[in-house]
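Q: Okay, here's what each chain looks like letter by letter:
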Amino acid sequence: MAVSAFCITVSLTAQDLVSKIPSTASAVVSINGKNLLQLMSLDEFSNSKFGTLLEKELAKDTNGKLETLEDLGLDYDNSFYYFFEMKEGVLTNCFLVPLNSSKGFLSTLRKRNLDKTITEGDISYFQNYSGDTVTMWNENVLMFVMAIDNKIEEDVYGYYDDYQTETVIEEIVEPVEEVTESSEEIQGVDYYNSDAYKKEQEQRKIKRQERREKREARSKEFSKEVLANAKKIISGTYASKSILTNTNYVKSIGKGKQEASVWVNDFATIYEQAIPSYMLGGDFNPYNYMNIDKLYKGVSVAAKLDFDKDQAVLKTEYMMSDEIADLYRPMYNGKINKNFTKYVNEDNLLGYMSLNLSTEGVLKAYPKLATSLFDTNSGETLNESVALGAKIFSMLIDEEEAAKIIRGDMFLALTNLSEKEVTYTDYEYDADFNYKEVEKTKTETIPDFMYMFTSEEQEIFNRLVRIGLKENKLEAMNGVYRLTDVPNSTPFNMYITQKDNTVFFGSSLKDMTAIKSGTFVAKLSGEHKKNITKNASSIYVNGKKIVSEIPVESFPRDLRDKVDFLTSNTEDIKVNFHKIKGNTMKGELIWETPSEGHKNSFVYFIDMIDVLMGK
Amino acid sequence: MLKRALVYFTLFLCISLSAGCFDILEEIQLNKDGSGTIMVTLNMSKSKTKLASLMLLDSVNGHKIPSEEDINEFFKDAIYHLEKTPGISNIKKTKDFSNYVFTLSCDFNSVENVNIIFKDLIKNKGTNNYTNLSYNPSAHYFKRHFTQEELIKKSFYKLKSEDRKVFDGASYTCIYRFQDKVRAVSNTDAKIAPNKGAVFLKIDALSLILGEKNIQNKIELTK
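Protein chains in written order, with this note's numbering: chain A, 1 to 615; chain B, 1 to 223.
Because the hints were derived from the structure by calculation, they are not lab data.
Just so you know, not all the hints are guaranteed correct.
Okay, derived cross-link-like pairs now, EDC-like style, lysine to aspartate or glutamate, Cα gap no bigger than 20 Å in a straight line [as the list claims (entries may be wrong)]:
(1) B:LYS93 to A:ASP426
(2) B:LYS196 to A:ASP430
(3) B:LYS202 to A:GLU428
(4) B:LYS93 to A:GLU437
(5) B:LYS95 to A:GLU437
(6) B:LYS32 to A:ASP432
(7) A:LYS440 to B:ASP168
(8) A:LYS510 to A:GLU419
(9) B:LYS202 to A:ASP430
(10) A:LYS436 to B:GLU26
(11) A:LYS297 to A:GLU323
(12) B:LYS95 to A:GLU323
(13) B:LYS93 to B:ASP70
(14) A:LYS436 to B:GLU27
(15) B:LYS191 to A:ASP430
(16) B:LYS202 to A:ASP122
(17) B:LYS218 to A:ASP432
Being a predicted model, the structure only gives us computed values, none of them experimental.
Work out the full structure: start from the sequences and follow the hints.
A: Okay, here's the thing in structure tokens:
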């Protein structure tokens, strides 16, 4: 109900160019001008360094006829679209730009294009030489249509097919020709001057000519088709069947509050149609031995970019077929070890990454996935072998036991930059300048890291430690073990330990000892805990802390005088991939921005560009 | 994926946080008959954490970072070349990849043999000045030649300031030992040992590159 109400609302705002996009479009990208203008007015943008630069370029390109972005005549208050459509081997790319008036656009055109412009009623257009690109406009919309005809390409390659056929025929008649050739050689007649060769060349010439004519005819026909299609798009004659009738698309754009969105539908069709048919032959074609459709059928991706007051959010949704979702779901359905969050102190945290896979799920799903992908009913040895291999793999591997060694959930934390003592070789000289090598120490700033993963198999860990100690690869330090065999130049020591069901691998002896003795002081906000435990994967970058702790002289020269700005204007970045729900996997990237000093996150990025652009 | 993320993150911080520096040590023991021993040491241990990280990369700022194999290859070439040079014997090398200290030493029959090595090394580097060492037993002096090459200075200025940082704290040290006593030295930065048997000269790499100081030295020996 809400969806259809939205359709009506959008179609009622007649100026919205979305109604010109056919329901058969496979991909749609939109930029919502109105939403962007609410974040930053055109005047504000024009006054930014970036805006000023654009206007300068515009004035240069139009010999001063246009001076401001306003002069360009674009209707910035409306939405800009790009869509991609595939129909009967023809791929169409189309850009739709809303206009207030075409005057500004006309000023940007070169005389050559103005001369070939045709006006029919309220629309004007010109086509390129090959006819596959149309630029068309009226007073409300400017449109660029670029089409690719796979059929034309097929004809071009047809030449080689014919040539090959002829060669085969030649080979068959070879024994007869050999006799003729040898007698001709005696008479001193060259094969290339023989009548047979000349006849053959003549025939090829005729065939080439025929093919060229056919190609040219198709090209002309295609040029007309592209133009007709462009006229259809600009008039939006399929209004009843516009993309707004595609529920998948309408659902993906939601309430339309985002500043930009991307929607790609049905990867299987794109894959099949976008690759020209002449390439779908021979050994390179995965369709020959793999069931690619299984992987991509029903797959669609939608992304929305939202600029809020203090964060920019990119949300993505990956939808797959029920069959693939059933295979993937157990892989991402791991149980995260809640102990991970007990060994993190966010006061020292530079960033983290959590991964919550299920080894059991992966080991169970992969054989099924492989069997399913190679199940083409062809009876080929390869396909049968894959199915057999997958079956044997499943029988030999005890997924539950394997998952006890590595459960599949893991966590990597980068903690504070600490000063480490590093040794180096120097020389000491006596009075007579005889010298000896001495080891000296100096301090360097290096980050600590801590990597944890779940393993319920303590016996394996204990055995490995015993071997390590015996072989002098480990040094025992009160339940923590130092790896002794790391290169001398490694900037940190590496330690390993186990507690409860978790194996720890890290560079801080202090943290490792505290974990083992149960004295580690943890501090982690509820939000981080939630992100780590509820998602399939979560990444966090503490931008402010990293920027503020790196010494100024370590920044690239051009940025040094901007370090203060960067320090006070860098916030956190978070990326979360949710678990698969139904047949959808959602992800989000959140770029936090400071609310002070910038009206909103969009203005923040424009300000940032201004600062980085320098004077 | 996690391992790669960790390596890149650590690399980023290590590259950012540690300044590079290195020392070159040139040591010559000269006998009365003009024969002797030369040892050249490259000590990069002060930058070892940075080098350990850098060597995992192919190149930084467009400069190729030699791998362990590249360095081994260089030594193999150098030794092959030394073995073919007349008057050179007892070639020794040490490679310490943990501390990044590398040495190459050999005995020579006369300093001319050493000049031939330098000549081949310098060849095609845009300079014609091949004489590095000379010894005149009758006039009782040993000379370390050095000409400030504009090319080196220019190349240095062509480097970005971040890349120039590698020369901060870098030094070039020369130690020459003689069987005769040293009477005088021409280089004002050089020091004569109290026992008069050796001369020591340490110059920071930047002064050497920019031509503010040099390692040219005429060492006069007692008759």
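Q: Hint compliance check: list the failing hint numbers for this structure, sorted ascending.
A: 12 and 16
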